[in-house]
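Asker: Below, each chain spelled out in residue letters.
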Amino acid sequence: MMRLRNLSHSYGDEAVVDDVSLSIDQGEVVGVIGPSGVGKTTLLRLLSLFLEPDAGTVELDGDAVWEADEDERLALRRQVGMVFQDASLFDATVARNVEYGLRVRQPWRERLRDQLRSLVAARRLPGPVGRGLDAVGLRDPLQARVRSLVGTTEPPEAVTDALGVVGLDHKLDQQARSLSGGEAQRVSFARALAYEPDYLLLDEPTSDLDPRNTGLIEAAIGEARDRGIGVVVATHDMHQAERIADRVGVLLGDGFTEIGPTERIFEDPSDERTRKFISGELVY
Amino acid sequence: MPLDPVAPLLPLFVEFPFRDGYVRSIVYVSLYVSCTAVVLSTLFSIPVALVMGFTEFPGKQFVKSVINTGMGFPSVVVGLLVLFAVSNQGPLGAMNLIFTKEAMIISQFVLATPPITAISLAAVTGVDENVREAARALGGTRLDVALVVIKEARYGIATAVLAGFGRAISEVGSVLIVGGNITSADGISQTRTLTTAIQLEARQGQYDTAMLLGAVLVVLVLTVNAIVVRFGDAGSMNR
Amino acid sequence: MQRRTFLQGVGLAAIASTAGCTQLGSGETESSVGVAGETLTLTTTTSTYDTGLLDEIHPDFEEMYGVTVDAVAQGTGAALETARNGDSDVVMVHARGLEDEFMRNGYGINRRDLMFNDFVIVGPGDDPAGIQGTDSATEALRAIAESESTFVSRGDNSGTHTKELNLWAAAGVEPGGDWYQEIGAGMGEALNNANQQDAYTLSDRGTFISQRSEIDLTILVQGPIEGGPEILANPYGILAVNPGVHENANYDLAMAYIGWITGPGAQDAIADYEMNGEQLFYPRALSEDPDFQQYVPEGWSSDSDSE
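Keeping their order, the protein sequence lines are chains A, B and C.
Here the UniProt record's numbering is used: position 102 in the first sequence is 102, and no number is missing along the way.
Here the UniProt record's numbering is used: position 74 in the second sequence is 74, and no number is missing along the way.
Here the UniProt record's numbering is used: position 264 in the third sequence is 264, and no number is missing along the way.
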């Protein structure tokens, strides 16, 4: 369980998150709704352990994150994944992008070998040398030999699996730059899923997407929940929250007005401001 | 870049009106000094650019203006300053560096570092902040984030390295002053580079051989450019 | 390894036992002298270097002593300045006045006369100042100044430049105006420059000979080698950097070098060095008659042939 207790954070004099408490269980989807500019992103940054709160505690499975030392905090941080509104892919192939979270967890020795492998795999021998070897029919055997020496270049199963969840496992070797916006965002989701985090945070993951890609991402969120991941989705789209969330928190002003099961929040909000926001009377 | 850059060089070596190994040795000294200096500059510049790009510290603007001034710093003045440093009268005098390749590397380092740092800085600050956040969100340490930034900025950094190399290899004033333009008596260069050899030929009025050496220098610079560009291409295909 | 250490010990003992004398000839048994493997830094003028003389004669010295000579061609002023800073071991230049000042200030020791050639005044074939056949260099310069014919000056504080300024002073002319061009360049460039604009210039004979085939200038006033005035003589001297001032100066090797280059073998090699069939330098360190003049400063003279 991930738990925020009485969390506050301000930029300058302005409190953006004020005295917020929230807990997320593994295997549930929590929707955070509210108008833009209300601090959803700040809340997610606090959850992702990017940001140290001014006050309050963040606990991950019982460990107080900001009381842990640097190494422990890195380990805790690595249990949490995040997908941004912007796909933010690296300028590399889809496979290399999705592998990234796995790579940084490996020892340096392994990472160096991996780098070498990827160089050997992706490059055909350059121009004149390669042509010369080609002429005597040695290029392919030679490269195959080098590859067998440095090891396999097949992406780990977790990578193909995560891409399968978003329906892109056929685009492993494509350059990330050449993807459409929807595909890029799905790769971004797979990238966060691939290293199997315990908690996954999504900040407006579909705000720039067409309905089809939105549907695919929402289905992937369901799959993540079924795998036992605790998901937090911040969205300005109430209907999305209604579709996918088990529980919903309504963020108005600088704290939650109400947190509860999705159905109850939408059918029978107990807070007056929540009711007005959901019915569309409260316009920000 | 399909052109094979080495082939046109070969006939030149044969036709040169110099002793055996002379041209080869000055090419070697040029490359050795410039490449070593550029490698050292790059190793120095990239961390500096990363620190400058992503952290705030007092005096940052001052460091920035020093780097920008350094880009336009006259090479002869650098040569003089390095001469004062490595001369027997200077602070490094005890190391006996005057008229050595090491002294030339020092002055080339001083010359190449400002452009490499400045262009690398522009390149790394141009990397989308979201990409840095993503690397961190995926469990990257500060070092991992720095490596991602370097990879994302690799074209800009390659440009920076090329600019530094161009400044180093085509530079004549400072290497002449601190290197002394020395060949051993058998005609093998000790501290003579292509540029100082050209200067020597011109001093003797041998403008045609100076032109030949100039052609070698141009071919060399183009070759190194081609290799670096190729490397950049290679980088884009994987990672 | 132990053996080598032992031998070095013996070598040191041998050096210590002969302290006060030169160590040459003693020292380790593995190499002929104690200087083997060391590097001599020689700063010299462009004229000795660019004519190829040093490249011709140095292999002999390097082989004999097992050493390396780094020759840095700088021009007389810069060569002496480099030595003054302790950055070279031995200096070979051609400006007696500057050499004497260097010696008097204690930076150099054991100066020896080495060799000589001469300067010539060269100019375009049509000779607008009409100096051809003049047997006085100062007369010729006065004529050039009066006709305001273009004159190219090295302007680089080299030995040749120093000589040129001395000549103007001797001629009683202060050169100036558009016709007098200081180009701040080496002799080869100066000759090319003069050639391009049909100008006069002062050149050492060696550089002129080595470049004659490529330029249209001709010798209008000869130096003493071809019977011209003595004032155009161009004597080269060699001197060691004083190890008392710069303790890192390689004095042993410098003295070995001076001893070698003023010895009969190297002096013959200098005399034999030719370019385009002409001798460039005339040895001066050896004489059948005792020549005490080389041990005293300029100006002290038992006869009147000084410059």
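To be clear, the hints were calculated from the coordinates, so they are not data collected in a lab.
For clarity, every value in this text was computed on a predicted model and none was experimentally measured.
Cβ atoms here follow ideal geometry from the backbone N, Cα and C, with glycine treated the same way.
Hints should not be assumed to be uniformly reliable.
To give a feel for the contact side, a few chain B residues facing chain A, derived at Cβ under 10 Å [unchecked claim]:
| no. | residue |
| --- | --- |
| 1 | Lys64 |
| 2 | Asn130 |
| 3 | Arg132 |
| 4 | Ala134 |
| 5 | Arg136 |
| 6 | Ala137 |
| 7 | Asp144 |
| 8 | Arg154 |
| 9 | Asp208 |
| 10 | Met211 |
| 11 | Leu212 |
Just a few of them, taken from the derived set where beta-carbon distance is under 7 Å, the chain B residues facing chain A [as the list claims (entries may be wrong)]:
| no. | residue |
| --- | --- |
| 12 | Val131 |
| 13 | Leu138 |
| 14 | Gly140 |
| 15 | Glu152 |
| 16 | Gly156 |
Far from chain A by the CB rule (all over 12 Å, computed), these chain B residues [claimed, not checked]:
| no. | residue |
| --- | --- |
| 17 | Pro17 |
| 18 | Phe44 |
| 19 | Phe57 |
| 20 | Pro74 |
| 21 | Glu129 |
| 22 | Glu133 |
| 23 | Ala135 |
| 24 | Gly139 |
| 25 | Ala153 |
| 26 | Tyr155 |
Asker: Next, verify each hint and record whether it holds.
Answerer: Results for each hint:
1. This hint is violated: Lys64 of chain B has a C-beta 26 Å from the nearest C-beta of chain A, more than the 10 Å allowed.
2. Hint status for Asn130 of chain B: holds, given a least beta-carbon distance of 4 Å to chain A, under 10 Å.
3. At about 9 Å, the closest approach between the beta carbon of Arg132 of chain B and any beta carbon in chain A falls short of 10 Å, and the interface hint on this residue holds.
4. The beta carbon of Ala134 of chain B comes within 4 Å of a beta carbon in chain A, closer than 10 Å, and the hint placing it at the interface holds.
5. The beta carbon of Arg136 of chain B is positioned within 10 Å of a beta carbon in chain A (closest approach about 7 Å), and the interface hint is therefore held.
6. The closest approach between the C-beta of Ala137 of chain B and any C-beta of chain A is roughly 4 Å, which is under the 10 Å cut-off, so the hint is satisfied.
7. About 5 Å separates the beta-carbon of Asp144 of chain B from the nearest beta-carbon of chain A, less than 10 Å, and the hint is met.
8. Because the smallest distance between the Cβ of Arg154 of chain B and any Cβ of chain A comes to about 8 Å, under 10 Å, the interface hint for this residue holds.
9. Interface hint at Asp208 of chain B: violated, since its Cβ lies 31 Å from the closest Cβ of chain A, which is beyond the 10 Å cut-off.
10. At about 28 Å, the closest approach between the beta carbon of Met211 of chain B and any beta carbon in chain A exceeds 10 Å, and the interface hint on this residue is violated.
11. A least Cβ separation of about 25 Å between Leu212 of chain B and chain A goes past the 10 Å threshold, and the interface hint is therefore violated.
12. Annotation: interface hint on Val131 of chain B holds; nearest CB of chain A at approximately 5 Å, less than 7 Å.
13. Among the interface hints, the one on Leu138 of chain B holds; its C-beta lies about 4 Å from the nearest C-beta in chain A, closer than the 7 Å criterion.
14. Below 7 Å, beta-carbon pairs count as interface contacts, and Gly140 of chain B has one with chain A at about 5 Å; its hint therefore holds.
15. The beta carbon of Glu152 of chain B comes within 6 Å of a beta carbon in chain A, closer than 7 Å, and the hint placing it at the interface holds.
16. Taking 7 Å as the C-beta cut-off, the interface hint given for Gly156 of chain B is violated, the closest approach to chain A being about 12 Å.
17. Interface exclusion of Pro17 of chain B from chain A stands, the closest Cβ pair being 29 Å apart, more than 12 Å.
18. Every CB of chain A lies more than 12 Å from the CB of Phe44 of chain B, the least distance being 22 Å, so the non-interface label holds.
19. For Phe57 of chain B, the requirement that its beta carbon stay farther than 12 Å from each beta carbon of chain A is met, with the minimum near 20 Å.
20. With a closest Cβ-Cβ approach of about 38 Å to chain A, Pro74 of chain B is found to remain outside the 12 Å limit, as its non-interface label requires.
21. A beta-carbon of chain A comes within 12 Å of the beta-carbon of Glu129 of chain B; the shortest separation is about 9 Å.
22. Listed as a non-interface residue, Glu133 of chain B fails to keep its Cβ farther than 12 Å from every Cβ of chain A; the least gap is roughly 7 Å.
23. Its beta-carbon lying about 7 Å from the closest one in chain A, Ala135 of chain B breaks the requirement of being farther than 12 Å from that chain.
24. Not every CB of chain A is more than 12 Å from the CB of Gly139 of chain B (nearest about 4 Å), against its label as outside the interface.
25. Against the 12 Å criterion, Ala153 of chain B falls within the reach of chain A, whose nearest CB is about 10 Å from its own CB.
26. With a cut of 12 Å on Cβ distances, Tyr155 of chain B falls inside the contact zone with chain A, its closest approach being about 9 Å.
The structure is inconsistent with the numbered hints 1, 9, 10, 11, 16, 21, 22, 23, 24, 25, 26, although it conforms to all the rest.
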